[in-house]
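Undergrad: Protein chains in written order, with our numbering: chain A, 1 to 343; chain B, 1001 to 1298; chain C, 2001 to 2278.
Hints are computed from structural coordinates only; laboratory data are not their basis. Please read all numbers here as calculations on a predicted model, not as lab measurements. Check the hints yourself; a few may be wrong.
[What the hints assert, rightly or not] Footprint (simulated), chain C over chain A, 3 or more residues, beta carbon under 8 Å:
hint, stretch
1, 4 to 10
2, 87 to 95
3, 156 to 169
4, 233 to 246
5, 269 to 282
Glycine residues also receive a C-beta, built at the ideal position from the N, C-alpha and C atoms.
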Amino acid sequence: MHPTLSPRTLLTRTAVATVLLVLVMLLCSLIGPQAISLKAVVSGPTNPTAPNPDYEIFVRVRVPRIILAALVGAALASAGVIFQALLRNPLADPYILGISSGAGLGVILAVISGVGWTLWGRSPVAVFAFVGALGTVWLVWGIGRITGKYHVTGLLLAGVVVNAFLSAMIMFLTSIAKSQQLYATIFWLMGNMTEEDFLVLWVGGGCIVAGIVGLFFLSPQLNIISVGYHDAKSVGVPVERIEFAAFAISAFITAVAVSLSGLIGFVGLIIPHAVRLVFGPDHRQLLPLSTLAGAMFLVLADTVARTIVAPAQLPVGVITAILGGPFFLVLLVKYSRKVYWLA
Amino acid sequence: MGKWWFLLAALVLWLACGYAMLQPGKVDASTSVRDPRASSRIVSMAPNLTEILFALGLDDKVVGVTQDSDYPPAALAKPRVGTFWQPNIEAVIATKPNLVVTLAFEQQRELARRLKRIGYDCLGVNIEKIDDLFSAIAAIGDAAAANEQAQELSGRIKTQMHRFQEATAGLPKVKVLWVVQREPLRIAPRDTFINEMIELAGGENAVGPTLRNYPPIGAEQVIAAGPEVIIEPVMVQGSPDGQRRQAFAYWQKFTNVPAVVNKRIYVIDGDVVSRLGPRLPVGIEIIAKCLRPELFGD
Amino acid sequence: MTSAIQAEHVTFGYGRDKPVLQDLSFQVQTGTFLAIIGPNGVGKSTLINILAGQLRPQSGAVLLEGANVRSCSVRDIARRVAIVRQEFVPAFGFSVMETVLMARTLHYGRLGFESGADRELATRAMELTATTEFASRTLGNLSAGERQRVFIARGLAQDTPILLLDEPTSFLDLKHQVQIYGLLKSIQTDKGTTIVAITHDINLATQYCDQTLLLYPLGSRPAEHPSYRIGKTAEILTPEEVERAFDVRVFSAIVGNQRFLVPLGARAGNSSHSGRTS
Chain A
1 MHPTLSPRTL LTRTAVATVL LVLVMLLCSL IGPQAISLKA VVSGPTNPTA
51 PNPDYEIFVR VRVPRIILAA LVGAALASAG VIFQALLRNP LADPYILGIS
101 SGAGLGVILA VISGVGWTLW GRSPVAVFAF VGALGTVWLV WGIGRITGKY
151 HVTGLLLAGV VVNAFLSAMI MFLTSIAKSQ QLYATIFWLM GNMTEEDFLV
201 LWVGGGCIVA GIVGLFFLSP QLNIISVGYH DAKSVGVPVE RIEFAAFAIS
251 AFITAVAVSL SGLIGFVGLI IPHAVRLVFG PDHRQLLPLS TLAGAMFLVL
301 ADTVARTIVA PAQLPVGVIT AILGGPFFLV LLVKYSRKVY WLA
Chain B
1001 MGKWWFLLAA LVLWLACGYA MLQPGKVDAS TSVRDPRASS RIVSMAPNLT
1051 EILFALGLDD KVVGVTQDSD YPPAALAKPR VGTFWQPNIE AVIATKPNLV
1101 VTLAFEQQRE LARRLKRIGY DCLGVNIEKI DDLFSAIAAI GDAAAANEQA
1151 QELSGRIKTQ MHRFQEATAG LPKVKVLWVV QREPLRIAPR DTFINEMIEL
1201 AGGENAVGPT LRNYPPIGAE QVIAAGPEVI IEPVMVQGSP DGQRRQAFAY
1251 WQKFTNVPAV VNKRIYVIDG DVVSRLGPRL PVGIEIIAKC LRPELFGD
Chain C
2001 MTSAIQAEHV TFGYGRDKPV LQDLSFQVQT GTFLAIIGPN GVGKSTLINI
2051 LAGQLRPQSG AVLLEGANVR SCSVRDIARR VAIVRQEFVP AFGFSVMETV
2101 LMARTLHYGR LGFESGADRE LATRAMELTA TTEFASRTLG NLSAGERQRV
2151 FIARGLAQDT PILLLDEPTS FLDLKHQVQI YGLLKSIQTD KGTTIVAITH
2201 DINLATQYCD QTLLLYPLGS RPAEHPSYRI GKTAEILTPE EVERAFDVRV
2251 FSAIVGNQRF LVPLGARAGN SSHSGRTS
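Working from the sequences, and respecting the hints, build out all of it.
TA: In structure tokens, the structure reads:
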């Protein structure tokens, strides 16, 4: 059984995980459908007379994509931790309250309406996805609050209902869409990673990192909140305020992640579980470690997705599910003594 | 509470820096003047684009083609850069191109956007109808300093494609059902280049105007359309006899359709007819032979 | 001396036509051990929640150490009163030690961690409730009684002048029942903590609790009589009043100088109502 957490343990573990993440990111940047050599990369950028494709590929294609994968993985995993804590349910994931169907609806509306304007050169699909995701989750939150402050079940049911309704809308719109639009929508919904440009990474990354830091501020209180509403209140935690803040930030970073890379499942559900199995449920540790583990996991999954059937690319969501499932089973068996809810 | 304000301030500062540093409005202004004669390393992202490039005599400048670019045979020797549906951007970059030609389909538009962002010159052409083909040939000729060849190629194609139309002028049009997929049944409707080919071959589409491209249709629409000829293009490599037998077996149940009664169901090679490129006249010829075997033989 | 808890005309109902508590006014002096006794559904848990500031009465006020609960923040309330409820198994597998330490959430340092003093309090609370041996086990791996003791330890670790408990011994075996009440009593005498405990065990109440608040079901007493009585335990828990409140026959026996009340069921026969042993 794990001993209680001390600041020193937390710091050590977080530092090790960070170093590991950086190593993984560097290593994966060197792997891809095109073989590139580290020497060629290091020898510097292109000049027009002697183009250096290795450098171009590394810096313009691989690194931005890997940074994006790390950001999205971190966002989804940390949001997963929060949603599981708030809903007091180990089966929660960031999409459970309607973000996925809201984003999907936004995407298909953008594609069908043929809105042609670009936001700084980028298609409006991402923006529609973001707005759809955020709008839906607020709707669900509002409905959930009507059923009572501490009735988590009400919130979950509202999520299920809204998800179902929006999914029906998506199916309807899909059936009348032109085939090209269809392809674009499905492709987007299955999760995709491309190398984004600097501005997108800057803005998206800034939002995600800021959000995660905010969640770190809230993590000490999440322990007692994840035990129970009344328990937290009796101990002096302003539960409504903290739950609202945690929810708002998690919904926001999930919406950003979804608008950047489509719907990538599994990360938000399984990474918190895996970390909890190995290190315990203390959120002061669970949150930073899940964030880093999520980033690592998605970078690895994306590397597999873009190399395993090169030159074709699998949707990264397929890989997260295929990789994640057996990995989680192994963890489960190994640490099953710790898992009380199987007893 | 203070730490929250600090966090918010840091985020705002971060975003402001990003905005200032990059001035995102500028990204769109990429219309720098390009010298067509500098197009010495060209990559083609679609099989018909490859055919056009070779037909324009630019074969030695082509440094990368998609996996499905199988015509002309010389194209098979060129380095591969992924497929039409799944382009491999890394392979494209590895060929050190100075011109990448793409089609205007969504996933290729995305590729073009990505390449431009990285700093490569891209030419995107839309080839949906026969007229588009000629504009595309002209545009490619422009971008690669091959204007004369482009004009000559276009002229050649135009002459050849009208040959069958002239030969069948005055004859009644043969009603054709063009089946792209059997289950569920999908057809090529009026608003496609395939229909244009059919009309140039002396036929007309048995089905009236439809809402979508390549829509699924039901059995009653087939019977109402009453086609005299059914053409099924197949892409799959398999014995043509086997496929013909399958087709006949499938259409048996449509006993009141003239095409079935008269056994005029043709299974043809899908590659040539589905690729709108320099081999357009060849495709039209194949169709014409199906419509009037007595006139054009085979 | 300000009373630790003061209830003034507290009225509460779940919905307009379902009144539960009507016009309750009483004081609990600092350092008292009060038992709240009454039949099921009479509003004991509701009252405890109101005293802890977690439910708002329709009318009336509750004062904790002189401060009106309504004007206190959640933190202020948590500094004054800790509440121990029914045990349950939480969704995530926290260990006993982690659970008890959570009581110190209010006092976390800047990095969100407990100090040495916090750990001391938690360890001490676990010693008092005999849960130290479970320190690294998860709550799901304990029996209900053991869990209840953990929850009590958590309440103790909060280190407040007032401690409210909702049936703290309902799952405990006889030995631990006596132990917990002994523990509560010692906390009362050693630290001067004000303790309010809802209990079904009348006899433990008579042994350990100085005062008792007896709640009657609404409508069971004539209109001019209030639906509750509060006072010294011996005066409140008389056989007649207990019979009236619980609608059950009791047998009263004296052991030493304590009176014990035993409920009589249908098969107990019609023996006399009281007996005495020395």
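Undergrad: Indicate, hint by hint, whether the structure satisfies it.
TA: A quick look at each hint next to the structure:
Coverage of a stretch by a chain is defined here by at least three residues with a beta carbon nearer than 8 Å to that chain's beta carbons; for the stretch 4 to 10 of chain A and chain C the count is 4, and the condition holds. Beta-carbon proximity to chain C at under 8 Å applies to 3 residues in the stretch 87 to 95 of chain A; the threshold of 3 is reached and the given coverage holds. Here's how the stretch 156 to 169 of chain A fares: 0 of its residues keep a CB closer than 8 Å to some CB of chain C, so the rule of at least three is not met and the hint is violated. Check on the stretch 233 to 246 of chain A: 7 of its residues sit with their Cβ under 8 Å from a Cβ of chain C, so the three-residue criterion for coverage holds.
Under a criterion of three residues with beta carbons nearer than 8 Å to beta carbons of chain C, the stated coverage of the stretch 269 to 282 of chain A is upheld, 4 such residues being counted.
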